[in-house]
Amino acid sequence: MRLILRQYLASLRERDELDAVLPDLLSQLGLTVFSRPGRGTRQDGVDVAAVGKLMGSTEEKVYLYSIKPGDLGRRDWDSSSEQSLRPSLNQIRDAYIPNRLPVEHRGKKIVICICLGGVVLEQIRPDVEGFISRESTADVTFEEWNGDRLAALIEERFLREDLLPTDSRTMLRKALAMLDEPDSSYGYFAALVKSLSAVDDANHSARIRSLRQICICLWVLYAWGRDAGNLESPYRSSELALLCAWHVVGLYASKKSKSAVAVRDAFQSILQAYMAVSSEYLADRILPHVGKRDGLSSAVSSGCALDVNRKLFDIIGRVALKGLWLTWSGQHLDPTDKVRIESHKKGQQECHRAIGALISNNPTLLLPRTDEQAIDIWIVVAFLSTADAPTDIQIWLKELIERAIFAYRIHGIYPCNLNSYRELLEHPREKSDAYRKEVTGGSVLYPMIAFWAAVLGDDALYADVAHLAKHDMPHCSFQFWFPDETSEMHFYRNTEAHGATLAPVTLEQTPQELLEQLFGECDQSPHFRELSAVKMGFWPIVLVACRHYRLPLPLHLFEGFRTSSAVPEEEPSGSI
Amino acid sequence: MDDLRKRLAERARSGHLLEEVQSSLCNEDVEEDKLIDALSVLHTDGQIDIVQEFANLKNSEKQAYLFFEIRGVFEKLLPSLQAPIREVMDCVAALYNEAGNDGAAGFIFNAYQAFCQQEASIPVSALHEIEKAGASLDILTPTLVAGAEINAEYWLGEAYRLIDSTNVEIRRRAVFALGRMAWPSAPEALVTVLDRLRTVVDCNDDDETLSSAVRTIGRLLTNELFDDSRVCDVLSSALDKGGPLTLHAASDLFGFEGAKMPKLALDILMTRLRHVAPENTRTIEHIDFGIKRLLGTEDRELALDLLEAILIAHDSATDMEVFDSAAREIRSNGDLLNKVATRWLLNGHEALCEAVYSIVHVGGERRNVKIEVDASELGDGDGVWLIFAARKSIGFLFWYPVSAATFIVSLLEHAPDGETAAALEELLFEPLLINYPNEVRGVLEGAVDTVSKEVRKRLGNALQRLEDYLEDLRSIDKIPELMPSLEERESYHRHQQEEMTESYKAAEQKSVFANLFARVTLLYGRRSIHYVRGPGDEQKRMETPLTSHSVAMAFPRQLHLDPFGLEYMLRVMRVEKRRE
Numbered sequence: 008m009r010l011i012l013r014q015y016l017a018s019l020r021e022r023d024e025l026d027a028v029l030p031d032l033l034s035q036l037g038l039t040v041f042s043r044p045g046r047g048t049r050q051d052g053v054d055v056a057a058v059g060k061l062m063g064s065t066e067e068k069v070y071l072y073s074i075k076p077g078d079l080g081r082r083d084w085d086s087s088s089e090q091s092l093r094p095s096l097n098q099i100r101d102a103y104i105p106n107r108l109p110v111e112h113r114g115k116k117i118v119i120c121i122c123l124g125g126v127v128l129e130q131i132r133p134d135v136e137g138f139i140s141r142e143s144t145a146d147v148t149f150e151e152w153n154g155d156r157l158a159a160l161i162e163e164r165f166l167r168e169d170l171l172p173t174d175s176r177t178m179l180r181k182a183l184a185m186l187d188e189p190d191s192s193y194g195y196f197a198a199l200v201k202s203l204s205a206v207d208d209a210n211h212s213a214r215i216r217s218l219r220q221i222c223i224c225l226w227v228l229y230a231w232g233r234d235a236g237n238l239e240s241p242y243r244s245s246e247l248a249l250l251c252a253w254h255v256v257g258l259y260a261s262k263k264s265k266s267a268v269a270v271r272d273a274f275q276s277i278l279q280a281y282m283a284v285s286s287e288y289l290a291d292r293i294l295p296h297v298g299k300r301d302g303l304s305s306a307v308s309s310g311c312a313l314d315v316n317r318k319l320f321d322i323i324g325r326v327a328l329k330g331l332w333l334t335w336s337g338q339h340l341d342p343t344d345k346v347r348i349e350s351h352k353k354g355q356q357e358c359h360r361a362i363g364a365l366i367s368n369n370p371t372l373l374l375p376r377t378d379e380q381a382i383d384i385w386i387v388v389a390f391l392s393t394a395d396a397p398t399d400i401q402i403w404l405k406e407l408i409e410r411a412i413f414a415y416r417i418h419g420i421y422p423c424n425l426n427s428y429r430e431l432l433e434h435p436r437e438k439s440d441a442y443r444k445e446v447t448g449g450s451v452l453y454p455m456i457a458f459w460a461a462v463l464g465d466d467a468l469y470a471d472v473a474h475l476a477k478h479d480m481p482h483c484s485f486q487f488w489f490p491d492e493t494s495e496m497h498f499y500r501n502t503e504a505h506g507a508t509l510a511p512v513t514l515e516q517t518p519q520e521l522l523e524q525l526f527g528e529c530d531q532s533p534h535f536r537e538l539s540a541v542k543m544g545f546w547p548i549v550l551v552a553c554r555h556y557r558l559p560l561p562l563h564l565f566e567g568f569r570t571s572s573a574v575p576e577e578e579p580s581g582s583i
Numbered sequence: 003m004d005d006l007r008k009r010l011a012e013r014a015r016s017g018h019l020l021e022e023v024q025s026s027l028c029n030e031d032v033e034e035d036k037l038i039d040a041l042s043v044l045h046t047d048g049q050i051d052i053v054q055e056f057a058n059l060k061n062s063e064k065q066a067y068l069f070f071e072i073r074g075v076f077e078k079l080l081p082s083l084q085a086p087i088r089e090v091m092d093c094v095a096a097l098y099n100e101a102g103n104d105g106a107a108g109f110i111f112n113a114y115q116a117f118c119q120q121e122a123s124i125p126v127s128a129l130h131e132i133e134k135a136g137a138s139l140d141i142l143t144p145t146l147v148a149g150a151e152i153n154a155e156y157w158l159g160e161a162y163r164l165i166d167s168t169n170v171e172i173r174r175r176a177v178f179a180l181g182r183m184a185w186p187s188a189p190e191a192l193v194t195v196l197d198r199l200r201t202v203v204d205c206n207d208d209d210e211t212l213s214s215a216v217r218t219i220g221r222l223l224t225n226e227l228f229d230d231s232r233v234c235d236v237l238s239s240a241l242d243k244g245g246p247l248t249l250h251a252a253s254d255l256f257g258f259e260g261a262k263m264p265k266l267a268l269d270i271l272m273t274r275l276r277h278v279a280p281e282n283t284r285t286i287e288h289i290d291f292g293i294k295r296l297l298g299t300e301d302r303e304l305a306l307d308l309l310e311a312i313l314i315a316h317d318s319a320t321d322m323e324v325f326d327s328a329a330r331e332i333r334s335n336g337d338l339l340n341k342v343a344t345r346w347l348l349n350g351h352e353a354l355c356e357a358v359y360s361i362v363h364v365g366g367e368r369r370n371v372k373i374e375v376d377a378s379e380l381g382d383g384d385g386v387w388l389i390f391a392a393r394k395s396i397g398f399l400f401w402y403p404v405s406a407a408t409f410i411v412s413l414l415e416h417a418p419d420g421e422t423a424a425a426l427e428e429l430l431f432e433p434l435l436i437n438y439p440n441e442v443r444g445v446l447e448g449a450v451d452t453v454s455k456e457v458r459k460r461l462g463n464a465l466q467r468l469e470d471y472l473e474d475l476r477s478i479d480k481i482p483e484l485m486p487s488l489e490e491r492e493s494y495h496r497h498q499q500e501e502m503t504e505s506y507k508a509a510e511q512k513s514v515f516a517n518l519f520a521r522v523t524l525l526y527g528r529r530s531i532h533y534v535r536g537p538g539d540e541q542k543r544m545e546t547p548l549t550s551h552s553v554a555m556a557f558p559r560q561l562h563l564d565p566f567g568l569e570y571m572l573r574v575m576r577v578e579k580r581r582e
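Top to bottom, those sequences are chains A and B. Throughout the first sequence, residue numbering follows this note's numbering, covering 8 to 583 in sequence. Throughout the second sequence, residue numbering follows this note's numbering, covering 3 to 582 in sequence.
Read the hints as simulated data drawn from the structure, not as lab findings. No false leads were slipped in.
Coverage of chain B stretches by chain A, computed from C-beta distances (three or more under 8 Å per stretch; other residues unrestricted):
| # | stretch |
| --- | --- |
| 1 | 483–494 |
| 2 | 564–570 |
From chain A, some residues computed to sit far from chain B (all C-beta separations above 12 Å):
| # | residue |
| --- | --- |
| 3 | Gly63 |
| 4 | Asn97 |
| 5 | Pro133 |
| 6 | Arg176 |
| 7 | Lys181 |
| 8 | Asn210 |
| 9 | Ser266 |
| 10 | Glu379 |
| 11 | Lys444 |
| 12 | Ser582 |
Among chain B residues calculated to face chain A with C-beta under 10 Å, some are:
| # | residue |
| --- | --- |
| 13 | Ile436 |
| 14 | Tyr471 |
| 15 | Asp474 |
| 16 | Ser477 |
| 17 | Ile478 |
| 18 | His497 |
| 19 | Gln498 |
| 20 | Phe557 |
| 21 | Leu561 |
| 22 | Arg573 |
Ideal Cβ placement from N, Cα and C applies to all residues, glycine included.
My request is simple: use the sequences and hints to build the entire structure.
What follows is the structure, given as structure tokens:
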């Protein structure tokens, strides 16, 4: 296990990747972290600061960490680079200790820790040791926390047998070993995360530790996946880890205790890992190729049109979800922080452009194979609606419905309710009305399009869906899903079926009447607002859960589109 | 010899003569002539009754070839057989009926005719049996034909008498016989035949009778003694009154006697044959033979007119595959193929465009054939129509990209303006180059040296766009995250395997060879060893080396990137119509 950790630590590329783990590790070691890594530059050379007694020490000391990913070589030690270590150590001594050390910790002995993912290379060791012996005093000492030491501490504090059972350690090893077969890898990691997050009946410290363990394991999987050149399992695993972690956070929804804060801090680390995985997945694998005609479709490397279709809808859902996270984080920015607001806007615009390019360069995105892919379409449309791109939505949905109607009428490859891959390969197995009826018994796709047609005031699009419903698919039950009182319990871990379905929804009513009916049902179903993710302002978690567990999006997310006549007295909460 | 005869006699006594005949036929040691001689001697000696024995011969669907082989023995015996006429007639009728609809069913009548010709009294007795004693009417025609071989004048008179019979069945057969009987050489006799036929046509509405009349008219038409117009007048009347059978008879004349027909008669036949119904596939097959023949003559425009007229009239109900011979003839003649493809793709009628596909595809042909525009078919060369024809070529020849590409490249030479040329260039790039980069690039690169400067520029543009497109695709490293899972990959392979197996089975069922040869499955090795029995039961060792064969097929890229888009595009290109 230590070798696994060692390799994980050595492969971390960015300083903030090590930042993400270190505070949890220090907390687990019993220290109190009083300065966490912030965005941007270091605080006068310090990345993480903590206070407490370490390794059986009787004296409380201040630990100041300056972090460097990978091995420490000559360039990293002392060069003109902003990230060089020696200038940082000088800054700590000259600026941080005299000026920024909190008053309550002044007078305590200080340990400046050189924190490395790898090791100090032999060529630079004399320089480092010379520096340390020259700069050490009675009150200020230096320590080297290299990859080996960190790995030993992580293993001891998080993954030792009494904390992480043998089964779970095996799951982690298998998840790493099977990274090239993402389904298997994800399966093992899912089992690990589910066992770690089954802490409803555990005490606070066990819950906190479980989240930190999930975080460490996720980082390990991510680092190994990156080395293996395959981020599929880390991506899906990070979604699951995030959701299972949120379930634990939900137990502290209205609490402000120390434990609640620690749980939320641990969740933030997992969120950070999730963001890192999804950003790298999209930035490295997807976004550079969205502008290439047939680029990503061809990259699916399969002669099977079904594979191309499923992958592309999956990808576009991931891009849109990223955009929605950016929308969410943008809502929490300081309005005076123009730079970050601008950066967020750029990110959103990039996602918006990527979605447009994906659709225009990969025509398989103009017709889903299964009704269930409506979930990905929902997410994309949800993002586009935040990007104020109604025309893009209308054009896409129009094309989708036209293709779906045509395919349905000619017994082509129309969207169906089949979920088994094997059955989908054979679809349509028969060109008969009976078969067509059998595999299109219910739909969330068509009512979703009708909903957006109504929201956007596109009467022609609405009429197309209504015509399909009345003349071609009278047998099909159009439906919408709403969370119920059991959703909070099961939404984030998918432990059982939950929620309620409104069906059949008729499109013989006017678009306005449809919206009134649907938003009226939102009023009748208050459980969405009771979801901890909604109450605590983390509405993208709901979208992640819907994407990951293949659930339709709750309409409450779109209550912002209610027309004035249907707006309730209270401001809708959790609306995008 | 004695042994054979003895064995036959013994088996006849136990009621198994036909089985013994069958077994002798299968025995390489027994020569067929000797078998026939033995049977003949046994019959003459009174040890067996050949006629009675063979009257019991039964046909079976599975072993029809055995029935015809055994019946063939009887056919060889019959011309020299001494037997009561009624028994022979009943036996022949039974064997004819037992043969069912097989094309060889009527061969037995040749043997019967030869039997009748042994003595002048035999056909007279036979006719008596038919008219007075209820013998099968199926025997009437061969009886009349046999009689005419002995005394043409007398038996023509008998035929004329029967043509006036009130019994339509007798009338039909008599008219049919008239066309097959020997006619006196005197011109007056032939005039009588024509007159009688005119009467038959005027007085009968029965389709079968009229069809027989048409066949007999066909025989007269090949006789130089007659003025075309007189015979053609009767032919016209018959075709006007007749139904499908009459038209079928006309197709026979067109298909098999067309070369000897005068021009006027040919025109009459072709005018009427346009109205053939789609369900009468045999008639269409005969028309196909006639068209195929005409395509090789200076009258090929007439043949194309007829073909076009039928295809359009049937509006895709009749596939060009039925005109198999004509399709092969067109495909084998580059100029003709160019003319037909240009004309029909420009016309845009779905049936004609489908026919272009069938011609290229004839006989399941997978090799692409090059098609070039026939400039004489372009008319005023309006750019819109060039684009229209190019789109049709893609719509219908998409699975033969080289054919479609060569056609569009040659269209480029006739583009009247830059806009048309740009549109054609676009079609070359998408969908052809994008879907079949290797095949179509080969066509374009091969054409570069032979085309005009303007066209060369267009081809260069298209090739450059392809290169840019492929470069974009190549610039994407492998993205393992997008790979389908192992389970999905295995499922897909299984699915493909099953589809291949099913199509192989379907193809095997259609295979002629599968029914002809025994099937042996070899599990190992690269050659087969087997023994065949030679003369004198000598076993001869044979070795057959096994060779592998493979077929390469190019699948269009869009088939897996956007199957719906591909299907939709092709459908649109196929159904769009000319608006004059």
